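Make a model of the complete structure from these sequences and hints.
Here is how the chains run, residue by residue.
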Amino acid sequence: MSDAPTLIKMEGVKKVFYTDEVETHALEEIHLEIKKGTYISIAGPSGCGKSTLLSILGLLDSPTDGSYMLNGQPVGKLTISERTRIRNREIGFIFQAFNLIGDLTVYENVELPLTYRGTSSAERKQKVQNALERVGMAHRLRHYPSQLSGGQQQRVAVARALVGDPLILMADEPTGNLDSKNGEAVMELLRDLHRNGATVCMVTHDQRYANFAERTIHLFDGRIVEETKEAGVSA
Amino acid sequence: MGTIGQDIRYGVRMLVKHRLTTLVCVAALALGIGANTAMFSVAEAFLLHPVPFENSNRIVALVDSRPSQGIDTNSVAPATYLEWKAQARSFDEMGAYIWDSINLTGDREAEKAQGFAISANLFDVLGVHPLMGRTFLPEEEQVGKDQVIILSYGLWERRYASDPHILGKKVKVDGKTFEIVGVMRKGFDYPKPAEAWVPLSFNAEQRTIRDSRYLWVLAHLKPQVSVEQATAEMRTITAQQAQAYPDPYKGWNLRVLTIPNFATDDLTRQYTFLLLGAVGFVLLIACADVANVQFARVTGRHKELAVRTAMGASRSRIIRQLLTESVLLSLAGATLGLIFAMWWVYLIVSHMPPEVGRFIAGWNTISLDTNAFLFTLAVAIASGIVSGIAPSWLHSQTNISDTLKESGRGGSTGRSRHRLRSALVIAEIALALILLVGAGLLVKGFRALIVVHENFRPASVLTLSLDLPETQYKEKSGRAAFHEQVLQRLAAIPHVQSAALATYVPYANGGGTGVSPFAIEGRAPEERGETTSTIVETISPNYFRLMNIGLRDGRELSDSDGDSTPPVAVISKNMAKRYFPGENPMGKKLKIGKANADSPWMTIVGIVDDVHYTWVDKQEYPTVYRSYRQAPPYYNSLVLRTDGEPVTFIPAVRSAVAAVDPNLPLFDVLPFDRVITNSIVGIAYVAAMMAILGLIALVLASVGIYGVMSYSVGERTHEIGVRMAMGATSKDVQRLILRNGLFLTLVGMAIGLPIALGLAYALSSLLFGVKVADPLAFLGLPLLLAGVATVACYLPARRAVRMDPLTALRYE
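Going down the list, the protein sequences come from chains A and B. Residues in the first sequence are numbered consecutively from 0, following numbering that gives the first Met the number 0. Residues in the second sequence are numbered consecutively from 0, following numbering that gives the first Met the number 0.
Some clues are possibly wrong.
What the hints assert, rightly or not - From the structure, some residues in chain B lie toward chain A, with a derived Cβ separation under 10 Å:
1. S74
2. S315
3. I399
4. S400
FYI, nobody ran anything at the bench for these hints, they're computed from the structure. These figures come from a predicted structure and were not determined experimentally. All residues carry an ideal CB built from backbone N, CA and C; glycine is no exception.
Right, dumping it as structure tokens:
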């Protein structure tokens, strides 16, 4: 894996939130490199900046300072529309609360990133079908999220993240709203995807799930305080 | 295209899902759009197509105006017209016309028809051709060769049963034999409401008249000549005329108007624009309501929209999605609004008495045509964009990273959203107040018009008009004898209390009276720097008593004032005040026309109360009353005070007049109260429409403030929980919410009141009876609005105080 090209490289990234007269330093001096095909988890206690880091990694937010290269391209200072375009094409998101749109069917939810990409209807159909088959939800195409269990909803969310063949999957506490059985199942799904070549970056505060990753970086008060590597994870 | 289809599908799904709010929005927009569509149809008829001519913008009216007397549009004198026609080079054709009511007799029952004497080329000026026969020949403008007539389609159909062999037939017009030479096409009735046309001819004396203005002049512009160029040329010609003949042209200015501007008078225009403004306000209020609903709806969907953004939807794509929903809402509102507009147009058209509608240019073209549909579509799309753009734009600035977190509420734009929602409510209140005040003033003004005539006790009076043909009644004695006999016969009808004669019945003929210059013995008109003009009423002595017009000084006219006694006159209070200030007018002499005119000097013997002739005039016009025995008229009206329902006397009245002259048609036979309502029907329409629009605005504004306060309570649930946990009582919480809502109401009223005051000033100059400092408008209506707003705030406040503090505290 060490020979794999670098997908993400962060140097000296800071994030400061300004609320009225209060300045909150959410991230300080983050240096991080993620190679293609890596499964990395970001761990740490609540409020340590995990989600903020994931938001910046996923181009949902921009750093206050420092540089961020994604696939060799500097993305820290992009315009909103450029960030939107890259997010759509190169990043797949999985959220703790699934964040499926309740008024769209399973099919329409998974189709969403392709719609915004301008993919043709026929191609969308095929890709959505494939993605749903990969997560074992192809039989629930016409269902609405409210008709699915939490685990099933998260599988649909994974399919939505996968459907556009992104460079990296960003998962923010993907098991946070699931019971242990469903949580395990989702983690197995992510591990399968990783084994098939996907780069996965996951935020979790649960050490059991962090162990699914090859690398775990530990955050505390907005700083990376430790990095651990799991042996034989991809075996 | 495919993605737009997706947006539409999803938008429809959203609207169906939120049925109640969709219904409220659709209803609000339907009211706003429907009112606009209906008003557009009216405005289109009045302002854009009041006349049915192609290239109507190439036809102009050349009119006189006298700004010093507030006369905007006046006819011109024959000599003036003939010189214009000879000298002007800007026009292909120039023609003229005058009103010329005609009595049709001979072949069938006597009938009064609305005729016009027109120059031979007038139809060429207008670019119209007859259905049958021909128009007039130039030589038919000569006296003696002018006994030819063209019929309107309506008259041909009604009186002559669409006789295909009508051409060449002879008819009696005012006792003379005329040949029918043409029939015009269906629907052509210009100048409105023409039923027949005869040639306009001038004798040698008439050709030199410069100071008696009675001709309306129309001209067709040559290709490549603009209205401005033609105006410049005509001003040069009129300047030369004024130089050559200073006296008759002093103070008069030429105006060149395109025929649509000429056909619809300034007052109709002003009221049309007033109503257009009012419906525009209603639409804005509806849009503000919908925008507020959209804010709430979009806020409820912040997570969904954040997910879409995270999935790669650009800001413009999100805005497009939300605008699609908003426009869909508007289109649904427009669809319902069209039905509402159809109903409104039906009400407008069906409630207009036909005897009034036929005089109004463009009235018979009021309908929901293609233009109205296109207008509705455009308004719907614009409304959708107006009501959707702010919520969409503000949402697109939400911090998606925060929103996507489990408890994220997307609140980074919450404050600006709140500010904008508050601003919308303030605007709604301000607009509603302006509309309410406008409506209140117009309704009060209208009521004043009704009240001012109660003194006449019009419900028991029958009015009618007749026109004695000059050929038959050339002699004064013959006319006087005719009137004498008719009045005697009418008075003898059972249950008729009295019958009187007058030239003009107040408010009849749309309030048109015509005024004449007059001279006061020993005083030049220029002495006072004023033009001395007056309404001249020729009456029977009992007219004052019949109409309850009070005598203020001197005596009334009497039966003994006859042809052999010295001419006498009674004047109105207004005339005495205006022309005899600080003097006693009794015994003074005046005459109709200039001091050197042939008419006799009349001695003033009495002063009577003023009479209001038209709702347009804010002040009564000076009036001179003279006896019919001393100046027997050709044209006059008759009034009968009856013991019963006036219309039941019509057959007896017809028989009585026919017994004196069977060939004399009666016309405008109407109860006096109908004459009054017909005369003020236009302002009644405006007042009624304003009242309805004011009510709609009140309802919409209260819905708006309710929505905002309700939303605000929802947003502040947690805060309310904390306050209650800290010991706030129900009253404290209620006061908090009410204070908030009433503050917005008061700010809206503070903005709206000065604008409403400006509107009141404008209306007071337009309408008799409208006062600027009106307590109802400026105290009662704001209090009503504040009251309704208080109720709208109270309901959410009540909900707030019923909250369980524990539940409220858990609320995120």
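Status of each hint after checking the structure:
Because the beta carbon of S74 (chain B) sits about 67 Å from the nearest beta carbon in chain A, more than 10 Å, this interface hint is broken. For S315 (chain B), the suggested interface contact is upheld, since its CB lies about 8 Å from the closest CB of chain A, less than 10 Å. For I399 (chain B), the shortest C-beta to C-beta distance to chain A is roughly 6 Å, which falls under 10 Å, so the interface hint holds. Satisfaction of the interface hint for S400 (chain B) is found here, the shortest Cβ-Cβ separation to chain A being roughly 4 Å, below the 10 Å cut-off.
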